[in-house]
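Just so you know, the protein sequences line up as chains A and B, in that order.
Residue 113, in the working numbering, is where the first sequence stops; the numbers in between run on with no holes.
Residue 1115, in the working numbering, is where the second sequence stops; the numbers in between run on with no holes.
It is worth saying that the hints were derived from the structure and are not from the lab.
By construction, the Cβ of each residue, glycine as well, lies at the ideal position given by its N, Cα and C atoms.
One should not assume that every hint holds.
Residues from chain A that keep clear of chain B, each with C-beta distances beyond 12 Å, as calculated [as the list claims (entries may be wrong)]:
1. Val12
2. Ser94
3. Gln102
4. Pro106
5. Thr108
Calculated cross-link-like contacts (lysine to any residue; reagent style SDA-like; alpha-carbon spacing at most 25 Å) [said to hold, decoys possible]:
6. A/Lys11 <-> B/Pro1040
7. A/Lys11 <-> B/Ser1042
8. B/Lys1073 <-> A/Asn100
9. A/Lys57 <-> B/Lys1070
10. A/Lys70 <-> A/Gly40
11. A/Lys70 <-> B/Lys1073
12. A/Lys57 <-> B/Asn1098
13. B/Lys1070 <-> A/Asn100
14. A/Lys57 <-> B/Ser1042
15. A/Lys57 <-> B/Asp1031
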Amino acid sequence: DAGITQSPRHKVTETGTPVTLRCHQTENHRYMYWYRQDPGHGLRLIHYSYGVKDTDKGEVSDGYSVSRSKTEDFLLTLESATSSQTSVYFCAISLTGSQNTQYFGPGTRLTVL
Amino acid sequence: AQTVTQSQPEMSVQEAETVTLSCTYDTSESDYYLFWYKQPPSRQMILVIRQEAYKQQNATENRFSVNFQKAAKSFSLKISDSQLGDAAMYFCAYRSNNAGNMLTFGGGTRLMVKP
């Protein structure tokens, strides 16, 4: 257990509304990641962070923004949710000194109607 | 960009038997890591095993072992003495040593275990 929590765990929203998902970690890990999981695609990276206020884009970043104002929190924002963003979202952290293995949070199921 | 392919969408195995899940990847890098993750119905992503590309010895974790063929870019997972609790989606993942240490995942294999 790498001390990762995600909130909310489930959310249903309507097209066009803003949505923010939160990832919280308790162990001061430097790297944090947001992935989405869709059938047939495994997990795909949206954005990642390598420190406070340091973020970069992943493979499927369009329509998403992130922020990291403190080490323990990494926020994922959908400025105007679309039905194509219906997915399961996973946060992960990377443990340094352990082959940089990534450990995952429990996931958030987001449905955009 | 790296790609990871899992060619078996579904596999089944009899309880107590052995099953092998396949994974191939494409990369031009020489130094990287490979992982297998398990995702049971609870949706939690659980690390099963990892392999460093610079190590020739195949990784082993209890009933789980890998067959890492670097030249062939193949990374299969063998599960011995299969148990009902092994039923899950299994994902192969590649981690580059480039900035960000990002993971690239295969599409997954659903493993069913028959009692």
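Going down the list of hints, with the structure as the test:
{"no.": "1", "hint": "Val12", "result": "holds (17 Å)"}
{"no.": "2", "hint": "Ser94", "result": "violated (6 Å)"}
{"no.": "3", "hint": "Gln102", "result": "violated (6 Å)"}
{"no.": "4", "hint": "Pro106", "result": "violated (6 Å)"}
{"no.": "5", "hint": "Thr108", "result": "violated (10 Å)"}
{"no.": "6", "hint": "A/Lys11 <-> B/Pro1040", "result": "holds (21 Å)"}
{"no.": "7", "hint": "A/Lys11 <-> B/Ser1042", "result": "holds (17 Å)"}
{"no.": "8", "hint": "B/Lys1073 <-> A/Asn100", "result": "holds (21 Å)"}
{"no.": "9", "hint": "A/Lys57 <-> B/Lys1070", "result": "violated (29 Å)"}
{"no.": "10", "hint": "A/Lys70 <-> A/Gly40", "result": "violated (34 Å)"}
{"no.": "11", "hint": "A/Lys70 <-> B/Lys1073", "result": "violated (39 Å)"}
{"no.": "12", "hint": "A/Lys57 <-> B/Asn1098", "result": "holds (14 Å)"}
{"no.": "13", "hint": "B/Lys1070 <-> A/Asn100", "result": "holds (20 Å)"}
{"no.": "14", "hint": "A/Lys57 <-> B/Ser1042", "result": "violated (28 Å)"}
{"no.": "15", "hint": "A/Lys57 <-> B/Asp1031", "result": "holds (23 Å)"}
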